[in-house]
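Quick note, the sequences are listed as chains A and B, same order.
The opening position of the first sequence corresponds to residue 27 in my numbering, with each subsequent residue numbered one higher.
The opening position of the second sequence corresponds to residue 4 in my numbering, with each subsequent residue numbered one higher.
There may be inaccurate statements among the hints.
[What the hints assert, rightly or not] In silico lysine to any residue, SDA-like type, Cα no more than 25 Å apart, as pairs:
| no. | chain 1 | residue 1 | chain 2 | residue 2 |
| --- | --- | --- | --- | --- |
| 1 | A | K156 | B | A67 |
| 2 | A | K198 | B | L236 |
| 3 | A | K184 | A | L55 |
| 4 | A | K184 | B | Y76 |
| 5 | A | K97 | B | A67 |
| 6 | A | K97 | B | V210 |
| 7 | A | K97 | B | Y59 |
| 8 | A | K156 | B | F358 |
| 9 | A | K184 | B | S243 |
| 10 | A | K97 | B | L236 |
[As the list claims (entries may be wrong)] Negatives, chain B to chain A, calculated, CB over 12 Å:
| no. | residue |
| --- | --- |
| 11 | I43 |
| 12 | A48 |
| 13 | P58 |
| 14 | A93 |
| 15 | F98 |
| 16 | G209 |
| 17 | A250 |
| 18 | S322 |
| 19 | M323 |
| 20 | K373 |
| 21 | P399 |
| 22 | V410 |
| 23 | M435 |
Think of the hints as simulated: they come from the structure by calculation, not from any bench.
Using N, Cα and C, we set each Cβ at its ideal position, and we do this for glycine too.
What follows is each chain in one-letter form.
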Amino acid sequence: VLGPVMISERWRERLTYLAMSAFIGWHTLAVVVAPAPDSRVTQSLRVLLQPYLTLFWLDNSWDFFAPYIGKGYKIRYVIEDSAGKSHAFVPIDEISWHHPMYRRMTYWFNAIIDDPDTYADRAAALFCQKHASLRPVSISLIQVQELEFTPEDHLSGKHPLDPEFVTETILKHDACPDK
Amino acid sequence: MPGQVTLARLGREVTAAFGQAWSRIWFQSMTTTPMEIARIGIGAAMLFHYIIITPYLLEFWGEAGFMPRELVYQIDDSIWSQSVFFYFTAPWQWFAFHGFFLLCCAAFMLGWRTSWVKWFVLVGQISFGARNPIIWYGVDKILNSLIFILCFAPIGRAMSLDRVRAVRAAKRDNLEATLPPYASPRAGACTRMIQIQMAALFFFSGVGKRGEEWWNGDAIWSLFTTYEYYNRLLLDLLASHYWLVNAATYLTLLIEIAFPFLIWQRATRPYLLAAAIFLHLQFAVLLGLPYFSFVMVMGHMSFVRQEWLARLAAWWKRSMGDMEMIYDGRCGFCVRSMVWFLSFDGLGQIKIRNFRSNPSPVVSDAQMEKALYLVLPDGRALPGFEAYRYIVPRVPGSWWLMPLFYVPVFSRLFGRPLYNWIAANRSRLSAMMPGSPRPLMK
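Bound conformation, chain A alone (with noise of 0.2 Å):
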């Protein structure tokens, strides 16, 4: 005969098991549903989904280096100084390559070419900022945008960012704040 204890604890395990399951199939379901592309059936369960994503950071798509690694693009910046001298920047040159913080840097560098609308002025401020002892005057930030390299290319003894193989584009020019 079970006791009150056998059977508490008997229906404790089964809790467990159930609450367990439910996570489970809730938590795969939004595993896969993250990363799905767009559908009519995806749509509708992100809109259960979605707060749980969202809250614990779970909505990843996982498309490293996909749908194609396409071309390489950095920002750099040239200062002009109250005497009218020209000083230029790459910023993510001033980082070593093994640097934990030169991906994350590369990606705050690419959301302000990806996005000068919103990025663009804050880093000029900042950029501004960080040079304040040249007295400067004006930015502009400026895509340096690579472009097809081949193997031939290579082989020739020339690089990626020769001028040759490089497009740049004025992002923003802006005048520095005066502090």
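Following the hints, put chain B in place on chain A, whose structure we already have.
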């Protein structure tokens, strides 16, 4: 009526079969060891990474830096996106939280109070991501997914200070006591969730590579010619042997697409696991992504079979040989020290003998009055300091003591005299320690 009865029975049988299959897939009783390896690796990687980025804390996650709060709200206004950094106002609060977070990462790595520390690690990781989502990339995404699952897992039950504490508590009453390895269906379920996470990641990463350069076999060339991953030496090789580019591109696709399908089978798992680890070693070395690659490899640990680990442990024990520690069971301090030291012997490599109740045929009682001894299978007997020095590299749980015993000159100059002094004064030390375990006397 008979038709309804048959239908009801069929329904019950189908439900029972589904229940059994569900339990077999998700709730097999497993040890936590693969997840503990992942915990240690992830904790160490995060600790190292977040220590290094400390000088950039305010610049990238602070209010006066690149990403003021209004800018974050501008790109992500969901109320579900939360960060503790949103509620800070003064710089010292950033540093105080960061310091606490680093301590939690260290505790997570060591398995100290794991059951609650893991939640702080998750909150910290999410907070960094939500405060500056622009610089949140692949490694953070996979870290978050793994830590989230680990939070629901019963981790800290092996290869941890929590385990050491549990073993020590058992040995306090009886030095010979052992704790069986922890295993539970919950551990099995969480291991399976990590496996599914890794398989889903590979699947979507593989099928997402639909771009022409992937299917034309040129992706690896494109990758190494971008300034981020430019590698002159490698390009020298690839440019003159372009077939390597095609092979590497297609091999990457093959591994990523095959992994989620073939990792489950007993026969193919070792190859897929080796291939995935090989792929990530390439990412670490050639793409300069050691943090990402290391965390991915830790995720792959969930696929390490328990029998592989058991065989590895058995091989290690066999290679290191038997070790018998002979101690003075009448000395409370000695027993307490043995309890402490043996708690780190997770593989149970050390046998013990109390010379008061069970005299050794190798070491005389007179010798034992002076020091603890370690007897090896070849009959050698190492006293005191030398005994510990022999054990430390051979017992994985005590590897952290290596610097104390193996710093050239220092260890022998100070270690041996210190040990001899403790051995000579052990009675006095025993008397000074309240609550010492009861000496084992005949």
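Right, here's what the structure says about each hint:
1. K156(A) with A67(B): Cα-Cα ~13 Å, so holds.
2. K198(A) with L236(B): With a Cα-Cα distance of about 36 Å, the restraint between K198(A) and L236(B) is violated, given a limit of 25 Å.
3. K184(A) with L55(A): violated (49 Å)
4. K184(A) with Y76(B): violated (44 Å)
5. K97(A) with A67(B): violated (32 Å)
6. K97(A) with V210(B): The given pair, whose Cα atoms are some 21 Å apart, holds under the 25 Å limit.
7. K97(A) with Y59(B): The hint is violated at about 28 Å.
8. K156(A) with F358(B): Roughly 71 Å separates the two Cα atoms, so the pair is violated.
9. K184(A) with S243(B): Holds. K184(A) to S243(B) sits at ~14 Å (cutoff 25 Å).
10. K97(A) with L236(B): holds (20 Å)
11. I43: holds (19 Å)
12. A48: violated (10 Å)
13. P58: Not fine: 9 Å to the nearest Cβ puts P58(B) too close to chain A.
14. A93: holds (20 Å)
15. F98: Holds, because the least Cβ-Cβ distance between F98(B) and chain A comes to about 17 Å, which exceeds 12 Å.
16. G209: Its Cβ does come within 12 Å of chain A, the nearest being 9 Å, so this is violated.
17. A250: holds (15 Å)
18. S322: holds (36 Å)
19. M323: The claim stands: M323(B) keeps its Cβ more than 12 Å from every Cβ of chain A (closest is about 36 Å).
20. K373: Answer for K373(B): holds, closest chain A Cβ roughly 51 Å.
21. P399: holds (28 Å)
22. V410: holds (28 Å)
23. M435: holds (44 Å)
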